[in-house]
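Student: This is what each chain is made of:
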Amino acid sequence: MHIQLDLLVSALVAGILLGGFYAAVTVGVSISFGILDIVNIAHPAFIILGSYIAYTFNARFGLDPILVSILALPAFYALGALVYQVYYQSFEKRGQDALRGLAFFFGLLFITEVSLDLYFGVDYRYVEASYIGPTLHFGIINLPLRLLVPCVVSLALFAGLQLFLTKTFIGRAIMAVAQDQLALQLMAANPVRIKQIAFAISIATCSIAGACLIIIQPIEPSVGRDYIGRIFAICVLGGLGSLPGALIAAMLLGIIESLTSTFYGPSWAPAVAFGLLLLTLALRPAGLLGR
Amino acid sequence: MMAQALLDIVGLSKRFGGFVALDGVDLNVKQGERLGLIGPNGSGKSTLVNCICGTLHNEGGSVKFDGKKIDGLIAHQRTRLGLARSFQLPRPFVGLSIADNLRVPLIYTVHAREGRRFTRAEMEDHCGEFLRLVGLADKAKKFPRDLSMVELRKLELARAMAAEPKLLIADEAMAGLSHSEVDDILALLARLSERGITIILIEHIMRAVMAFSQRVAVLVSGKKIADGLPQDVMRDPEVERAYLGQ
Amino acid sequence: MRSSVFFLIAVLVGAAVFFGARFVHNEYIFFAGFVILQFIVLATAWNILGGYTGYVNFGTAAFFALGAYSTVFIHKLYPLPIPVLILIGGVVSGIVGLGMGYLTLRLRGAFFSIATLALAVVLQTLIVNWTFVGGSRGAYIIRPATAPLIGNYIEYMFLIMLALAIVAITTARVIERSQLGYGFATIRDDEVAAEASGVPTLRLKLIATTISGALMGMAGAPFPYYIGYVEPTSTFGLAYAVNSIAMPMIGGTTSWIGPLIGAILLGTIQQVATVTISSAVNLLIVGLLLVAFVIIAPKGLIGLVQDFRRSRGG
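Protein chains in written order, with our numbering: chain A, 960 to 1250; chain B, 46 to 291; chain C, 29 to 342.
A few of these clues could be false.
Think about it this way: if two alpha-carbon atoms lie no more than 27 Å apart in a straight line, the pair counts; the simulated BS3-like pairs of lysine-lysine are [stated by the list, open to error]:
(1) K113(B) to K75(B)
(2) K1052(A) to K187(B)
(3) K327(C) to K1052(A)
(4) K327(C) to K186(B)
Hints are computed from structural coordinates only; laboratory data are not their basis.
Could you build the full structure based on these sequences and the hints that come with them?
Tutor: Right under this line is the structure:
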């Protein structure tokens, strides 16, 4: 019985830490899909790109992956701004052609994955950092730093974005863009410009999420696909566009996944997120905290 | 003889989040009647139309059409019962030709209602008839992108007509049109009315409402504040206040 | 042209293709041809939902794999002739398509698309954990040395896939010209207006997902006999999803001929590229072509030809 309790506690703790990380993975999509209504299914591919950038600088210069990801933020922001520009000019401006917009992002996902595959190969890559090995012990609670550090970084990113969206002028303009473009124009803000900033921010989060990912687990180019389900499951479950909702949903998913892989085996874990997503879509499309 | 009520709305309510769009609206339209429905922007006119036609579902109250409660029915079922509408902003099927736009209600409403298929010749006849009725006969093979605004509004009405409705709701079919174009649409609606179709006209252009309606109902902030003969309603102090206060 | 006449012509063209391939006297033609025909079926099937109604299915691989694994499952119990397996695969994936649609098609289109991605992963996880059909290690299917009627097995497989392609294309064309086709087009253009015109949009969308899913499953059913070894990673590969989207997009989504042209074109390029370069590069080509076409030529090759004709005609 003792072993079971130990297992349960460590699974719960791992789940909470994982959930914190999932929040960072999802926050970008909460902005692009939840607020801007852009179905960017290429988001996970950009996260993997972030992982490989962290890996490259870590392997070559021994830089800390988190530091690399912060230095790479402007580059990811610029990439996001560029992608939005293309998306806006080709699809959004021409009217409601959701079909082609989706195909566009699907193509981006595919191109990114195959390019990484061609350049880095399909071997698993990982980073070196002082906090990857050790574990903190508090009684029966074990806190592996490999999970704790990404969780803390993720929560910091999450809190920062939440503050930005609720307290700054641009942040509030981004929240308004979803509801009322006219009001935004009255505020003398250009909705397209605001959306571009928001989308660029959503892609910029991929840099940090990617670094966190490669600290948690070794990666190869197709790992991103497992995250499509997680991201959208969390986003939908949390109620579209609600950051606090997404955080709760992320924790929930982390815990359920962790319990599943502890008690049923890791090969079942991928189905949890997607199963949850299908269930949510079928039963409660407005999300847990939905209206 | 008392005409039968075709549409009977009792205590209709609809809210979006905390915003009350419709608050216990009662409305009664008799067979063959021409009703004008007016109200300031945001007064709930379009929400009312959407609740009648099943695009939205009402939370409180009930809608009875042709003696039948239709609250649970989805939009296409209501269309098949004989409720047709035109949209405030024209919503043509952009991928289909003008004639094909009219074929859609013929296939999916009239066929389904009568339980039989039209022959090719019958289909052509029907399409041609409605196109002539709205004066678009020469544009049958064109696409919606080739039409002007007034032509799109006529197509919108023709498509609603092609469903052979008992009740037609024209939602601001004349907004943004010139004086003579408004007369065009009015003449068209009058012709439809002569065919025995009951019509609800939702409109901002008072000249059109006064010329067309036998009765006028006024909606303000989701409530009906007046309902009666056009001249009486216009003199109603509450209506004046609602419009002047705008 | 009447559908029966069209079908006859398609059969004649198919016969010409088959005897032409035989004339070349090279087995490779049949191996490569099978793959291209399989893509014709998948692209046509995808387009019945995606092109006609505007609902994007990212889960082609899931439906394809359902067909393939139905065959593996039945093969383990009792080997049946391939045409029967195709029917079974079609029924299984058609039912899954219907269920999927029922769960998600009342929501906005984007949710349906995301859910199809989810379906692929859920099914893959189920298969990985299901040892009866080989689990993650995969299953070997030993194909018979000879085939009924014509003897050579790969020629037999080719012929079957050819027949399936003809069925798929004829189905697509019949739908396009029927009342169903009008209904699908209104869903693509404006669902609210469609409902207001009496179109039962949910029912039509369910019909589209069912037909589309069934055809994808039918394309997958013969696959184990063709490849000889089935394992989850490649059977659920993203390549199926991206190809079945890219082919109609490149050819043109509004007509049956678009996916056909796209599949022949992209399929041939990939067969050549796989031999001469690497398979990763050829997937990159597909991805780049897809993105380029949706941006530059949103109506596909058909659209380009139409625009060209119009500009010449005045």
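Student: Check the structure against each numbered hint from earlier and tell me which ones fail, lowest number first.
Tutor: Of the numbered hints given earlier, the structure breaks none, since each of them holds.
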